[in-house]
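*Asks:* One-letter residues, chain by chain:
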Amino acid sequence: MKYMLLIHQGTTPTPQSPDEWAKLSEAEQKAVYADYQAINQTPGVTPGLGLDVPETATTVRVQDGKTLTTDGPFVEIKESIGGYLLFEADDLDAAIELASRIPAARLGGAVEVRPIVEW
Amino acid sequence: MTTARNRAINRIHRDRTLAAKTRLLQVPEAAKNQVNGTTFPDERLELIFTCCHPALATDAQVALTLRTLGGLTTGEIARAFLVPEPTMAQRLVRAKRKIKAAGIPFRVPPDHLLPDRLVAVLAVVYLIFNEGYGGRGELAAEALLLGRALAELMPDEPEVHGLLAMMLLLDARREARFRGGEMVLLADQDRSLWDTAQISDGRAVLDRALALHGRGPYVLQAAIASLHADEPRDWPQIAALYVELSRLTDSPVVELSRAVAVAEAEGPMAGLDIVDRLALEDYRYLHSTRGELLRRLGRTEEARDAYRHALALVHDDAERRLLERRLAELGTATGSA
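Each protein sequence line maps, in turn, to chains A and H. When the letters of the first sequence are read in order and numbered with the working numbering, they come out as residues 3 to 121. When the letters of the second sequence are read in order and numbered with the working numbering, they come out as residues 3 to 339.
FYI, nobody ran anything at the bench for these hints, they're computed from the structure. Where is the CB? At the ideal position from N, CA and C, for every residue including glycine. Check each hint, because a few of them may be wrong.
DEER-style ranges, computed between Cβ atoms [stated by the list, open to error]:
#1 112(A) with 252(H): 37 to 47 Å
#2 298(H) with 33(A): 54 to 64 Å
#3 319(H) with 18(A): 34 to 44 Å
#4 96(H) with 120(A): 19 to 29 Å
#5 68(A) with 252(H): 53 to 63 Å
#6 323(H) with 61(A): 54 to 64 Å
#7 120(A) with 85(H): 26 to 36 Å
#8 236(H) with 88(A): 23 to 33 Å
#9 88(A) with 102(H): 14 to 24 Å
#10 53(A) with 304(H): 31 to 41 Å
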């Protein structure tokens with residue numbers, strides 16, 4: 003089975019917002035980096051590319067052939083995707099286990115596990 | 003945990019693919035009781051852990067368990083949960099589709115996951131039992147069958163025996179709990195209607211759980227149910243068990259039950275002190291319990307208010323009539339309806 007793990011940062015402090023990030027202790031900051039590194043090195047994981055903060059997003063719609071753009075993500079900033087990774091695993095339990103190791107899951111965000119459809 | 007897992011693992015045929023295993027969930031509507039029979043006797047444990055996987059919604063877990071392990075038809079499950087049959091059919095289809103699409107494994111969870119996952123399985127069986135306890139006997143009977151199957155499949159898990167013992171002991175009073183459609187509280191029940199054989203059975207299962215050093219929430223509730231079957235009841239001991247249960251569950255509902263036991267052991271004021279500390283404003287039993295304790299304290303006016311508050315929150319007809327009787331017994335001297 004292949005899964006995409008969609009990381010929602012929620013209220014998770016990230017280095018992209020330095021004020022929030024500074025609220026984590028140095029040990030906690032190091033743990034976040036170490037956890038992501040360990041996850042990216044887990045067999046079966048294809049790390050995702052880094053996404054800038056949702057505030058930098060532009061949302062595009064087409065209505066009556068006209069392209070409409072709006073500032074910001076499609077969903078609320080707190081609900082938007084902060085990152086993703088691909089994981090090839092035996093079953094959902096393995097994917098849930100990996101998801102639970104992603105720092106955002108314990109720091110105010112959540113991880114959505116979505117199976118990839120094999121055509 | 004380990005022994006149950008090892009026993010289970012012996013049953014697993016590792017060479018089968020997940021897809022082949024999930025075929026069990028695609029059973030045709032007509033195939034009733036297929037797991038109680040001999041078709042797949044070795045795979046019931048895997049099946050229940052799949053049906054009760056936390057990635058499925060609780061109502062889907064319940065429906066799937068009844069459908070695949072209980073062998074109930076979709077129509078029977080729909081009627082039992084008072085939802086239209088197409089709704090239940092859709093719920094089952096969606097759940098089966100998720101099992102397949104999301105890769106929910108067909109297996110007994112590994113050791114480090116087993117404790118949490120067993121809690122989920124027991125919760126589903128308890129939920130089915132509770133639905134039946136309100137009067138729909140066929141669900142209680144189904145929960146007892148599932149409980150017996152689990153006890154047979156996981157003979158070394160004290161909480162499995164605890165749940166079965168609790169269900170047996172509570173269900174043994176079924177006949178006495180209603181009189182002509184009216185609810186009868188434990189203290190007023192005709193004990194000759196209790197199923198004494200089933201009480202002995204429940205106590206034997208409880209002994210098994212205790213012998214396994216079980217002291218979990220279901221074992222404690224079974225022990226409490228066992229004490230309730232004694233006459234006279236040992237209220238201080240019941241209250242002590244509720245203290246232990248309260249510590250484990252941190253539940254205000256358990257505290258409310260403890261308050262009732264304390265009121266019996268130490269008097270209504272001691273019970274009321276506990277009740278009045280609970281944040282359960284929307285829970286009807288909080289108000290009916292307050293009403294009863296206030297009545298015993300002779301605080302009739304406050305008792306009446308409490309019963310009315312409970313009545314405003316009640317949905318079940320039999321419970322409503324019970325509360326109305328209580329309210330009527332308080333007399334009409336001072337109140338106005």
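*Asks:* For each hint given before, does the structure comply? Return the numbers of the non-compliant ones in rising order.
*Replies:* 1, 3, 8, 10
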